[in-house]
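Whenever a hint applies, use it, and build me the whole structure from the sequences.
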Amino acid sequence: MEILLKIPPKSLLKFMCVSKLWLQLISSPEFVKAHLKLTANDKECIYHRVVFQESASNFKECYLPSLFYKERNTELFDMGSTMEDPTIYTWTVDSVNGLICMYSKFVDGKLYCALSADVDKFNMCNIISLDLADETWRRIELPSYGEGSYPLTLGVVGSDLSMLCPNCHELTNSDVWIMKECGSKVSWTKIFTVDHSKDLGEFIFFIHFLYTFLPVK
Amino acid sequence: MASSSSSSKTGLKKMLTLKSSDGDEFELEESIVIQCQTIKHMVEDGFSLIPLQNVDTKTLTKIIEYMKKHAEKTESNKEEIKNFNKEFVKGSFDDQFELVSAANYLHINGLMDLLCQSIADRINNKSVRAVREIFNISNDYTPDEEEKVRDEHKWAHEGGEFDESLD
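Heads up: the protein sequence lines correspond to chains A and B, in order. Everything in the first sequence is counted per this note's numbering, starting at 1 for the first residue and increasing by one. Everything in the second sequence is counted per this note's numbering, starting at 1001 for the first residue and increasing by one.
This list has only true hints and no planted wrong ones.
Straight-line C-alpha distance at most 27 Å; calculated DSS-like pairs for lysine-lysine:
1. 37(A) with 1086(B)
2. 1154(B) with 33(A)
3. 1090(B) with 1126(B)
4. 10(A) with 1086(B)
5. 1154(B) with 20(A)
Label-pair restraints from in silico Cβ distances:
6. 1094(B) with 137(A): 40 to 48 Å
7. 138(A) with 1165(B): 46 to 54 Å
8. 1057(B) with 8(A): 29 to 37 Å
These aren't lab readings, by the way, just hints derived from the structure by calculation. None of the values given here were measured: they were computed from a predicted structure. Virtual Cβ for every residue (Gly too), placed ideally from N, Cα, C.
This is the structure:
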């Protein structure tokens, strides 16, 4: 056990095949917690890496110490990842405990992200949630806001999830909706419509700024 | 630390005797031996002859070598200790496993860390089959079960050849 705690995660997944006991040990919550604690508290940062996004689905990583000690060669490695479809467009915004989070919002114990239903198109008009407590995925019902073909932008207002939906035809204004979750039911309320220039691509960079001025509730 | 300060007052170094499972005795200064938590507690309980039934002479000799070197640790010989550690972990897997179980039993945390890290580094890139051999584990999966576990994390089995060697 003490030895396995010092093995990097990818190799641990490989070693699940060694025997049933190893599978049981490596997948146990106690082991995972201990492993995380050890790697997170590592003072020399030997496990810590810096991740670069090279293209939409290709990530490069390099070990942190190699950046600190410049006499060593800083090598970039391809990251092994489970993202099989290279057409999925991702924005990486944050990471926590080694999980890289692809453009998502965290509200009340759940991660929300806007996803495209069709991998060939860049139209993120579905929202899914991941409940971190029991690791269940859910697709969130959306309000009827017209034919969605332009990407949704998620935000947080107060303690609620909000989304910004561009109005399809003119693309010069967008609705801001707030979601309330009550048990398994979700309800959406449109709070206002904002006018903006046609180029929403630029506009979404201002969205965080905008939200700080929204009234809570 | 109370006992070492009292021994320095008298000017005499307090000696302890460690006895291996083969019956060999090793006399050492208390200040060296108290790196080991298990022995430290026995010393505090008043023991001066310490029988170690789970540690054979070969392993105990190595462990004493480690404790002696690490008792000399200062700010200025870090590099020397580092090189010593590097040499120390060069043995066969079986020898390393003996040392791990002794270090675990004796609660020598620094040694435990050193050995586990070195074994982990050595097996990291090994194949599943090689790891089974090294740890002497028999495969209790049926071929179907093993395939299923492998399929769940396919990507962990990709990315170049894994090392099949057993050393």
